[in-house]
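*Asks:* Residues per chain are reported as follows:
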Amino acid sequence: MPLILTEEQSMLKEAADGFLNEHAPIAHLRKLRDSRDADGVSRDLWRAFGEMGFAGVIIPEEHGGSGLGAVEAGVMAEALGRTLTPSPFLGSGVLSAKVLIDGGSGAQQAAWLPRIAAGEAIVSLAVDEGAKHAPARMATVAQRSGNGFKLNGAKGFVLDGHVADALIVAALTENGLTLFLVDPKTAGVEIERTVMVDAHNAARVTLTDVEVDADAVIGSVDGGEALLEGALNLGRACAAASLNGAGDQAFQTTMAYLRTRKQFGKLIGEFQALQHRSAHLFSEIEIARAAVMGALTALDNGRPDAGLVVSVAKAKAGRVAELAVQEAVQMHGGVGMTDEYDVGLFMKRVRVLNELLGDAGFHQERMARAQGF
Amino acid sequence: MPLILTEEQSMLKEAADGFLNEHAPIAHLRKLRDSRDADGVSRDLWRAFGEMGFAGVIIPEEHGGSGLGAVEAGVMAEALGRTLTPSPFLGSGVLSAKVLIDGGSGAQQAAWLPRIAAGEAIVSLAVDEGAKHAPARMATVAQRSGNGFKLNGAKGFVLDGHVADALIVAALTENGLTLFLVDPKTAGVEIERTVMVDAHNAARVTLTDVEVDADAVIGSVDGGEALLEGALNLGRACAAASLNGAGDQAFQTTMAYLRTRKQFGKLIGEFQALQHRSAHLFSEIEIARAAVMGALTALDNGRPDAGLVVSVAKAKAGRVAELAVQEAVQMHGGVGMTDEYDVGLFMKRVRVLNELLGDAGFHQERMARAQGF
Amino acid sequence: MTDLDTFRAETRAWLEANCPAECRGPVESDEDRVWGGRNAVFPTPAHKVWLDRMGAKGWTAPEWPAEYGGGGLSREQAKVLGSEMRRIDAQAPLASFGVWMLGPALLAFGTEEQKQRFLPEIVRGEIRWCQGYSEPGAGSDLASIQTRAEDRGDHWIVNGQKVWTSYADKADWIFCLVRTDPEAPKHLGISFVLFDMATKGVSTRPITLISGKSPFCETFFDDVRVEKANLVGTLNRGWDVAKHLLAHERTMIGAMGELGGGRPLGQVATGSIGMDDEGRLDDGMLRARIAEMEIDAAAFRLAMERAGDQVKAGQAHPAIASMLKYYGSELNKRRHELLMAAGGSDALEWEGERSRGGKAARDWLRTKANSIEGGTSEVQLNIIAKHLLQLPGA
Amino acid sequence: MTDLDTFRAETRAWLEANCPAECRGPVESDEDRVWGGRNAVFPTPAHKVWLDRMGAKGWTAPEWPAEYGGGGLSREQAKVLGSEMRRIDAQAPLASFGVWMLGPALLAFGTEEQKQRFLPEIVRGEIRWCQGYSEPGAGSDLASIQTRAEDRGDHWIVNGQKVWTSYADKADWIFCLVRTDPEAPKHLGISFVLFDMATKGVSTRPITLISGKSPFCETFFDDVRVEKANLVGTLNRGWDVAKHLLAHERTMIGAMGELGGGRPLGQVATGSIGMDDEGRLDDGMLRARIAEMEIDAAAFRLAMERAGDQVKAGQAHPAIASMLKYYGSELNKRRHELLMAAGGSDALEWEGERSRGGKAARDWLRTKANSIEGGTSEVQLNIIAKHLLQLPGA
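Chains as they are written, first to last, in this note's numbering: chain F, 1 to 373; chain L, 374 to 746; chain W, 747 to 1140; chain H, 1141 to 1534.
In short, the hints are calculated from the structure, not lab data.
Where hints are given, some of them may not hold.
Partner residues aside, some chain H positions facing chain W, computed with beta carbon under 7 Å [to be verified]:
(1) 1347
(2) 1424
(3) 1428
Among chain L residues calculated to face chain W with C-beta under 10 Å, some are [what the hints assert, rightly or not]:
(4) 390
(5) 391
(6) 392
(7) 396
(8) 527
(9) 652
(10) 742
C-beta: ideal position from N, C-alpha, C; glycine also.
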């Protein structure tokens, strides 16, 4: 597969960009933030995503989705990065949907996939526990108890966890890791919304002797690791795509500013020092774009080293987007520091996306281990 | 002590710069290199160093030296960095002299310190073994044997080892590390000159059942670690000073080039992108200079954390000098790549000084350990 | 016992006796600082006592001449005072743009009357000052300001707008650059004037920063009357005063890299992430970046110390302040990027007690202004290229 | 079986039968490359056989039209040929500036006669070409060349000096930029001409590089006669030809970051430094830098692949070559800095067998030219700022 979009994929991109620019531009984020919206995310918009076929982009057609692949999910994620739109897309439409598609029982799929595809349900994946993403060092446990399991532990950085209709919880079982579908209203589940720097949403979830039936298991008992890894890798590639979207949008905004803002009697874009920094940043953005396209394509092709390509993409896109927003604020000067201008919002969002599902260091570590050094 | 040179120290600096510019400018290095001089270093120049009081700058007056401190040794090392002069100063006048001053017996001191101070003897310290500086991971052993010891092992990167009149060898003994004064003509000592990229000199020394008497021990048996560390720290600070000298000289040469070379009808120094890179580099050089001055002063003051300040200086000076020579070659363009121009020689010397006595990574590691992370 | 030893002993005793317990220990946030002024706010009544006592001795401005209310101390004595204050963890009695910025400029350029009138009030913290430099259209190009002062004989009528005026909404007086000759080339024709913020026609509006809160305001002048007696320095040569003052500001902001302080990065990271079996931070990649940062930070601290020694020895090039400002602010930004990485998802929280109201994130965002305020990094690099490197056309 | 499958099967069989054993396996050094030409040097007699066989099929220039001696293959077929050659580790039969640079320019700008005359010789490796662009005074400012061609009716008389002429001392012919109109603005007035290096008045002198050896020469023209029939493209419009050709060169040099290849960095480092108990490189700081480099290198390889796909899809912006050249050469320099760090003191040796004649150090130094030759990194950044970012005045 070539590393460029097909005609169909380009059409999806246009549709997504067009829809978001019209219905959920940055003003949408500002409104949710400034009105201190209790959910911090719009259920109406999520339903509209369902109608447009965005929510279920990777969900098979028999479950009401579009049955498309990683590249298409990445197209959506990049578009969301450009408009900074808070959306359950990454948490529900990618991470949780992927777990259910790959490992869900017939009943689980029938219960949730169509509702996600329709933008009616939000399902959150609860993996992280400490301050850093480290799925290999999980402490949440699920002990056999009667016909089912009893879950204990604490999860954090659970995307949209405070408005979730269902939770997918990763926990240690006797000989491995298992994923459980948990109703957030179950006794012992406590959920606290955490308002993040980017005005997007996550939650902390505490599980105290939470009882679930055996049919809450997704896939097989002790067999959750590969299932989780598959979902995480798709999520990481999509987060990388969002980083590209946000970083590139901040860059484009900055280039427009350089072409119009005057200082010392010149357009600031005429200053060679800024030109070279811009040209360097442009190069980095192009490289990051290729890396993300490579990762999404590798996932679609089922390449055995796809996880590694995903790490390349997430690490690279993260560092590049970070540079892009730093340059954006600096080149805008004082106005870049004001809440009124959008560049600061990009900086905030990029910071969160960088931390999400493993920062550049986490993915460099994977690269080093994979290459045996 | 303030972090600027005293009047006496400034006079020493002037004397050293003046002497080297007259008697051992870069042409001196080129001559030794291009004539494929067997020693690669001038004994005559070393004797002249003795006459000028440079060779024994840190050697006590009672042994014929100047009895000065670390700052003065750093002044000399920086001057040598500016002219890229091959000299036994760092190996003999700093590293070995420091070991003998701090740990040598009366007889050892009397035998060697006056001859080093006079520029008559070259004494080389043999520490490194692998490709990287790692004194804590030594494999050379000295086993008790009769009245003395038997040494086995292989050393590398031994400064001036191929022309040494004596070697100081670090080896493991039963309960620690011990330093031995070894005659290079002893049976079992094999020395191979290694011609380095910078046309300076080092040697590989192989020790096979080398027998030495008990009085070859410098300081106490098993008590060599602190002695060695003291000498290494002074050597590292001086290597950092040389890095500053070489880096700054390359920078000055480049600034002169920017002020005279024309391209596209302009002096290239007028291009803002080059101005900003130059200004950034200038800042780095100033910071590195302060770090080295801080390290030398900390050594003179006997500060307990002097070793850590030395690590700051060596790491910082190394990275900065590396940037300085890279920018020097790049800003010179094609001519910077020719052997005829000097900037390439600075790049080569900086590379060697960076590796010598621990590269930036080695010293960052020391910093991390010292700060407990 | 040298004179300095005597001074130290006396100072120590006085501080022990006069510094209230409430005024010892770290200043946790900007709100805990004492800025003085007509509407002064004190965290505790003891802070007012502390300011009054220090102000009476002139030790809020230790090196200013005693005749203007200053401490009249020598540089060495001032250092002793500083170290004795650090010994008991005494808080600064006063935070003041009057002390940091306007005072030095008045001492260099003010008339005798101006010094007599304004300096003692500054020392005692009675009048709070703000700085009116930047304008919406000007930015880094400070000399292109448009705020106009029309000559009306014994006074001017000032019209225009300033931006990034720190604490304009809380200040009593402003020192301000205005254009007094619209015909002159842009660096000329600017004058440095002082006026009361209570004057008719002055209004302010706070600016919200990306970090959420902000000391900055937009400030508007609508037919504001300014007495000519309040001109500092020569008419149309205000640029010289401004440059003098900017150099002070730069050193101050550059020092933030050092003073930003707080817990060492490595400690924050191990606290948040943990250690591996060998006692190293359990994130090898972050560990390397922190170690590199700490090397740079330690080297920068030495550079600050060396710059102080150079000033003392009369060897300092004035543009070195630009270098330190550039380096210090870039370093501080890097430090906070690493603090965010060390804090992980915890550091991303924006509200609530656990994150102390999103302190890590807000501090991080605030540092992004370091390389913009007081002259952008780009402006500093231009200055270095021109004045320290003599590059052509710089 | 598709046509392409058939082609693959036939190609595989032909290569198996015709590629000598001596011509399989990695090319260890520049000396092992076959450059062809009148005085061609072959590492083994088999290499001559291999060149002759491939030249006869036109597969030294697979995509050139068969009428000019090329392979006449489609892009897909050429890819198949490449992959089949890689399958058996077949060496390139010919290294040639004729194939890489002049040929594409002739195909685009040459007359029918020129194509007929020069292309087949290039394909068969009979004539070795060099490139006469840079001049001592010009550097990055290529358009300011001074080498003059005086009009003498049916020919020019050329006087001047070129520098950085790769292999000028070994080349048979040169493609060269000369000034044919000294009055015109500098980008105009330049023409692209070809002439034999054996012409009277041509002399060369090798340049020693910091890496010790060098393919580069200074080349002097002293009343050299050049036939007007050997003008490529339009008179005084040689700049267009040169630009076309530079774009090819850039892609080539940029690709070195990828092709520089050799053993993976991490492997070199663990071999030289060793591992800790957890199987990690026993130098945590270097490990982090290598990991970061490998991320960038992998991303760059994907960018090269994507650029190829864009070209194929007709979506490529021509200035993307500048971006890849810039990025690839900076990356390759970084890679070799890390290789030197990984090699430690062993990599510092300059002579002798153990270090294979100082290979690591010489390769490292050689990479420093990557960001200078074929247009400096600064020139590439200017091009990106102008053509891809549309920044004003760029």
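*Asks:* Hint by hint, say whether it matches the structure.
*Replies:* Evaluation of the provided hints:
Interface hint at residue 1347 of chain H: violated, since its Cβ lies 29 Å from the closest Cβ of chain W, which is beyond the 7 Å cut-off. Hint status for residue 1424 of chain H relative to chain W: holds, with the closest Cβ pair at about 5 Å, below 7 Å. Interface hint status for residue 1428 of chain H: upheld, as the beta-carbon distance to the closest one in chain W is roughly 3 Å, under 7 Å. Hint status for residue 390 of chain L: violated, given a least beta-carbon distance of 18 Å to chain W, over 10 Å.
Of the supplied interface hints, the one on residue 391 of chain L is violated, with its beta-carbon coming no nearer than about 21 Å to a beta-carbon of chain W, more than 10 Å. Given hint, residue 392 of chain L at the interface with chain W, is violated; its Cβ is 24 Å from that chain's nearest Cβ, farther than 10 Å. This hint is violated: residue 396 of chain L has a C-beta 29 Å from the nearest C-beta of chain W, more than the 10 Å allowed. The interface hint given for residue 527 of chain L is broken, as the beta carbon of that residue sits about 28 Å from the closest beta carbon of chain W, more than 10 Å.
Taking 10 Å as the C-beta cut-off, the interface hint given for residue 652 of chain L holds, the closest approach to chain W being about 4 Å. For residue 742 of chain L, the interface hint holds, since its Cβ comes within 10 Å of a Cβ in chain W; the closest pair sits about 8 Å apart.
Of the numbered hints listed earlier, those contradicted by the structure are 1, 4, 5, 6, 7, 8.
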